[in-house]
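Peer 1: One letter stands for each residue in the lines below.
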Amino acid sequence: MNAKQFEFLRHILKQYSGIALSADKQELMELRVEKLLKEQRISSVAELCEALSRQDGESLRWRLAELMAIQETYFFRDKTVFSCFTDTILPALIERRASTRHLRIWCAAAATGQEPYSIAMALAEMRAKLTGWKVDILATDFSEEALMKARSGVYRQFEVQRGLPVTLLLKYFGRNGNDWEIRPEIRQAVSFRQQNLLHNSMRHGMFDLIFCRNVMIYFDQETRAEVLGRLTQQLSNDGFLVLGATETVRGMSEELGPLPTPCPGVYQHLPYQTGMGEEELGYLGPEPQGRLMRRPAVKRRYI
Amino acid sequence: MKSCLVVDDSPVIRKVARRILEDLKFSISEAEDGKEALEQCRVSMPDAVLLDWNMPVMDGISFLVALRKEQGGDRPIVIFCTTENDIDHITRAITAGANEYIMKPFDRDIIESKFHEVGLL
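Residue numbers (my numbering), protein chains in the order written: chain F, 23 to 325; chain B, 2 to 122.
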């Protein structure tokens with residue numbers, strides 16, 4: 023693969039997935055392109071680039087982006103986040119939604135389904151507190167291939183051994199040949215839909231809780247700000263946005279502020295009329311004056 | 002430093018497990034069957050036991066049942082590590098007092114994840 027070809031492939035990747043692959047990742051690109059060549063029975067990189075640039079190369083361009091997207095995930099990835107979900111976020115939402123008894127949760131980068139199913143299992147473990155509640159879990163990803171696996175709910179042995187306690191394996195999985203299959207009650211708790219975060223996602227409506235972890239780190243600053251803007255629009259006034267533990271919205275959003283530890287990477291709309299100031303929330307972003315004008319004063323309670 | 006007793010009749014598995022667990026800062030002792038493991042536990046209870054199921058002389062599940070009856074035998078965290086991967090075996094292990102269960106083949110990630118799960122890391 024020569025430099026010009028790499029540059030061209032990077033451009034397509036960026037366009038279709040938002041992933042801004044750095045210039046030193048040619049080796050990774052070559053590895054995935056090799057797979058694409060084999061799969062599509064194309065004999066050379068030059069031929070591939072030619073096919074990709076044709077007008078009818080849409081599905082091929084899409085497939086390149088899909089193959090390059092990073093899919094590393096496992097059940098209950100990052101225990102801190104799930105403790106925060108069950109100990110902090112859910113109790114707060116249960117209290118605030120006591121009258122409607124309806125929660126909407128969105129996993130915006132669900133990949134092969136481990137995250138939404140972990141959420142569904144965590145909710146099932148708390149079912150005593152959620153009797154009579156309706157909880158929607160929407161799981162979206164831009165890769166149809168990933169979604170197909172997610173929908174099947176079937177996982178290899180090594181996949182159910184990373185992050186998933188054996189007690190939950192016994193409770194929520196059954197055998198499927200050499201693999202493990204998630205039980206219908208958990209699978210049915212999640213709906214899967216295709217969604218590219220680069221495109222408008224408003225059709226999915228508003229959410230009380232949005233998970234979008236470790237995705238935007240692959241985007242450049244501009245794309246990150248755009249996607250974050252859309253997610254913020256779809257987050258209810260007192261909802262929670264969960265990013266990767268090391269991700270920050272600083273410099274990209276004036277509307278969101280972080281929750282204090284032990285909830286790294288969790289954000290809410292900034293307070294307007296509330297007893298708790300930003301300092302107490304641990305917010306270190308820009309000075310809040312302007313925002314006070316922009317949004318209606320809503321009584322919010324922070325946790 | 003936490004201690005872990007690796008119980009497996011295969012010297013290869015013991016060596017692999019030792020290498021991974023030493024990297025995770027455990028002090029390792031080894032036993033090649035349940036009986037030998039039980040004798041070691043009577044001298045000194047380890048913090049953790051990584052336990053194979055099928056072994057000569059005394060198998061893993063018999064060892065676990067016996068261990069839990071020993072004085073102080075409720076203390077070690079026991080993680081099965083076996084090729085037995087059906088629901089019946091896993092259920093039996095957990096019922097007998099195992100804390101976690103690893104289905105072979107395993108790798109560093111799985112060991113780390115499971116040890117993390119039970120609070121050993």
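Bear in mind the hints are in silico, worked out from the structure with no lab data behind them. By construction, the Cβ of each residue, glycine as well, lies at the ideal position given by its N, Cα and C atoms. Take these hints with a grain of salt, some might be off.
[Said to hold, decoys possible] Restraint-style ranges between C-beta atoms, simulated for each label pair:
| hint | chain 1 | residue 1 | chain 2 | residue 2 | range |
| --- | --- | --- | --- | --- | --- |
| 1 | F | 148 | B | 55 | 34 to 40 Å |
| 2 | B | 20 | F | 206 | 38 to 44 Å |
| 3 | B | 75 | F | 213 | 24 to 30 Å |
| 4 | F | 94 | B | 20 | 29 to 35 Å |
| 5 | B | 45 | F | 94 | 48 to 54 Å |
| 6 | F | 224 | B | 98 | 30 to 36 Å |
| 7 | B | 117 | F | 151 | 23 to 29 Å |
| 8 | B | 3 | F | 156 | 21 to 27 Å |
| 9 | F | 198 | B | 117 | 37 to 43 Å |
| 10 | F | 156 | B | 117 | 29 to 35 Å |
| 11 | B | 75 | F | 151 | 27 to 33 Å |
[Stated by the list, open to error] In the DSBU-like style, the derived pairs of lysine-lysine whose C-alpha atoms are separated by at most 30 Å in a straight line are:
| hint | chain 1 | residue 1 | chain 2 | residue 2 |
| --- | --- | --- | --- | --- |
| 12 | F | 151 | B | 105 |
| 13 | B | 3 | F | 101 |
| 14 | B | 105 | F | 57 |
| 15 | F | 47 | F | 60 |
| 16 | F | 60 | F | 193 |
| 17 | B | 36 | F | 101 |
| 18 | B | 105 | F | 171 |
| 19 | F | 193 | B | 70 |
Peer 1: Each hint: holds or not?
Peer 2: Status of each hint after checking the structure:
1. 148(F) to 55(B): 34 to 40 Å: For residue 148(F) and residue 55(B) the Cβ distance comes to about 38 Å; the hint holds.
2. 20(B) to 206(F): 38 to 44 Å: Check passed, 41 Å falls within 38 to 44 Å.
3. 75(B) to 213(F): 24 to 30 Å: 44 Å, violated
4. 94(F) to 20(B): 29 to 35 Å: Violated, at about 24 Å.
5. 45(B) to 94(F): 48 to 54 Å: Because 40 Å falls outside the window, the suggested range is violated.
6. 224(F) to 98(B): 30 to 36 Å: 52 Å, violated
7. 117(B) to 151(F): 23 to 29 Å: 26 Å, holds
8. 3(B) to 156(F): 21 to 27 Å: 45 Å, violated
9. 198(F) to 117(B): 37 to 43 Å: 27 Å, violated
10. 156(F) to 117(B): 29 to 35 Å: 34 Å, holds
11. 75(B) to 151(F): 27 to 33 Å: 31 Å, holds
12. 151(F) to 105(B): Between residue 151(F) and residue 105(B) the Cα gap is close to 37 Å, so the pair fails against 30 Å, i.e. violated.
13. 3(B) to 101(F): Holds - the C-alpha atoms of residue 101(F) and residue 3(B) are around 22 Å apart, at most 30 Å.
14. 105(B) to 57(F): 29 Å, holds
15. 47(F) to 60(F): 20 Å, holds
16. 60(F) to 193(F): Between residue 60(F) and residue 193(F) the Cα gap is close to 40 Å, so the pair fails against 30 Å, i.e. violated.
17. 36(B) to 101(F): 36 Å, violated
18. 105(B) to 171(F): Within the cut-off at roughly 23 Å; holds.
19. 193(F) to 70(B): It holds: about 27 Å lies between the C-alpha atoms, which stays within 30 Å.
The structure does not agree with the numbered hints 3, 4, 5, 6, 8, 9, 12, 16 and 17 stated previously, though it agrees with the rest.
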